[in-house]
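Asker: Chain by chain, the residues:
Protein chains: 2
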Amino acid sequence: MSTSQNQQIQITKAATTKINDVDFDNLTFGSVFTDHLFECDYINGEWQTPVIKPYAPFLLDPSARVFHYGQAIFEGMKAYKDDANAVWLFRPDENFKRFNNSASRMAMPSVPENVFMNGLNELLKLEEAWVKKGNGSSLYIRPFMIATGTGVMANPSDNYKFMILLSPAKAYYAGEVKVLIAEHFSRAANGGIGAAKAAGNYAAQFYPTNLANKEGFQQVIWTDDTTHTKLEEAGTMNVFFRIKDTLFTAPTSERILDGITRKSLIELAASEGINVEVRPVLVAELVAAAKEGTLKEIFGAGTAAVISPISGFSYQDVYYELPKSEDTYASHLKEKLTNIQNKLTEDTFGWTVKV
Amino acid sequence: MSTSQNQQIQITKAATTKINDVDFDNLTFGSVFTDHLFECDYINGEWQTPVIKPYAPFLLDPSARVFHYGQAIFEGMKAYKDDANAVWLFRPDENFKRFNNSASRMAMPSVPENVFMNGLNELLKLEEAWVKKGNGSSLYIRPFMIATGTGVMANPSDNYKFMILLSPAKAYYAGEVKVLIAEHFSRAANGGIGAAKAAGNYAAQFYPTNLANKEGFQQVIWTDDTTHTKLEEAGTMNVFFRIKDTLFTAPTSERILDGITRKSLIELAASEGINVEVRPVLVAELVAAAKEGTLKEIFGAGTAAVISPISGFSYQDVYYELPKSEDTYASHLKEKLTNIQNKLTEDTFGWTVKV
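Just so you know, the protein sequences line up as chains P and G, in that order.
Residues in the first sequence are numbered consecutively from 1, following the numbering used here.
Residues in the second sequence are numbered consecutively from 1, following the numbering used here.
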């Protein structure tokens, strides 16, 4: 290992690389990490010197607040490589802003922009060999922050650790996705933390999703917890519905994540001349449209899968199969968006940022 | 260190003890831990050999599922020492059952009863010098489980770690507690995880509690997230209201924790001839009773504080001060319950269990 100082980041390089052991054509999402990670500790009110160092397990006290009271947030981003081997990010400012919005809701400190952005940029420069070219290839980026302060008193931690991990990813195909519309379980409360990318929101979904899996459904479409009549998210993604030729998605709220893929698709669809309506979408509308044959598509939208088409949904024990088509908004918008992300087409939106 | 095998628990003793450095008269709740902890790992579907070993930090992978998706649950219990130096637990079977109910809701494996109970008993035997005599003294017990499996895919972990920590505690006096009734924020959704002792539920409360603190209130009384008209919990405790001479508390639900102190107080109050009504309690009732002078007490109930009296509440920017009295249900029931827990009076309920 060699240690050097770069833009106030203390960099310790790994003695060897794992890259030659990785089969980049057969990657399981989120399972392989690059040689280095970025880390910055927050101790008694101050961010410490950020470091880039070899990816490795780290020590935590058994009473660390993250284990007991769940102060933990994250982001999901991707880096892409263009034909000239330049590395690009997609709307990183949006992830940075949302990360600190999540931090605020979870009573955690804001990460300074230079810590987040310089850390990410320097880490990506060091790991650029891990970013592969071509549509569908990317380097998934996982910034996260956890409470490291010790003691099992139920109040916010004094100390935190902010880290960035990198994981190479291929295009994400979930296979056929049938969904169950939630009639009892919920992912978010009014006045709760549904709009934050808080770790606990995800664990809360596992049990209801397991139950859906047992009934043959891959995901749950979450509804509002009060009436279960409004369609809000699909699994860990935002959700879009195409009825006739209009694309519908729910407005963001304190129950619904302000997805970056979601907002990009809304802009992109509008620019393609697709009529987009952002308003609460009712289960009753979806069922009525499915019955009369005007429901053409449902798809999830998120960083990992970009767009994940849904083949049918179940509600009150009735299964509604969607029409199969090659010419869908989902496939059209996914191609447009991934072409922008992968720098295969001009980015007229100014969404891509060079590392 | 010496290692031995005891009832299939592998015990490694610490070379030295910290006990002589601890000021047992001046303890901050949850900040000091005993010399040893209990640990049992769950790996690929099987619980491994449980161990008791010196309390120390442990290694986790940066991609450990607990950091990213919040699979983490806990319990709070206490051990007490009687005049004959025997160590006692209070309703440990209830904590064990609730722990596994929480595990189920968070898609985590059940901890076998012998792992939980033998582990706790053996750890307490080893640490019995840390249990101090006298009303108010106890050894706080923190069983918890975290997801240790690696990889940032959003599904349940394969691997988990179950641990028990011990922390000496004195009687817990919060000082004067004024509360703010939640009009916007919430701790639990219908169909959510409010009834589970899931780590994420606690972090979600920190921000609204911080806001209340800034306005001069120590805690928040949580209301239902749909209408904010029903009184549900106080901070991290269940909540009781005395109107005239009747004690009211909300029924447990998927939004409200099935508190062991709560259910013990309901039984104890009834046995003392106090009229107890378990039914939804409305904010409007509380305000009306405060205005007409029939609201005599509000108190929180939980393992850490046992009973925490509340001196007044604010709702819609109006502050209602409660009457001051020495002769309260809170002080009477707290004395009765702590006398049972500390073995200073006969336990006619069969709640106490010898270690």
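Worth double-checking, as some hints may not be accurate.
No copy is singled out in the list; a pair is fine if it fits within one copy or between any two copies.
[Claimed, not checked] With a straight-line cut-off of 20 Å between C-alpha atoms, the simulated EDC-like cross-links for lysine to aspartate or glutamate are:
hint, residue 1, residue 2
1, K336, D25
2, K343, D158
3, K18, D317
4, K291, E267
5, K343, E94
6, K244, E326
7, K296, E128
8, K18, D258
9, K291, D23
10, K18, D61
11, K53, D41
Keep in mind that the hints were calculated from the coordinates and are not lab data.
Asker: Against this structure, judge whether each hint is valid.
Answerer: How the hints compare with the structure:
no.: 1; hint: K336 to D25; in the structure: neither (23 Å within a copy, 67 Å between copies)
no.: 2; hint: K343 to D158; in the structure: neither (42 Å within a copy, 37 Å between copies)
no.: 3; hint: K18 to D317; in the structure: neither (48 Å within a copy, 60 Å between copies)
no.: 4; hint: K291 to E267; in the structure: neither (29 Å within a copy, 54 Å between copies)
no.: 5; hint: K343 to E94; in the structure: within (19 Å within a copy, 58 Å between copies)
no.: 6; hint: K244 to E326; in the structure: within (16 Å within a copy, 70 Å between copies)
no.: 7; hint: K296 to E128; in the structure: neither (40 Å within a copy, 67 Å between copies)
no.: 8; hint: K18 to D258; in the structure: neither (35 Å within a copy, 49 Å between copies)
no.: 9; hint: K291 to D23; in the structure: neither (45 Å within a copy, 71 Å between copies)
no.: 10; hint: K18 to D61; in the structure: between (29 Å within a copy, 16 Å between copies)
no.: 11; hint: K53 to D41; in the structure: within (13 Å within a copy, 28 Å between copies)
Hint compliance for this structure: hints 1, 2, 3, 4, 7, 8, 9 are broken, all remaining hints hold.
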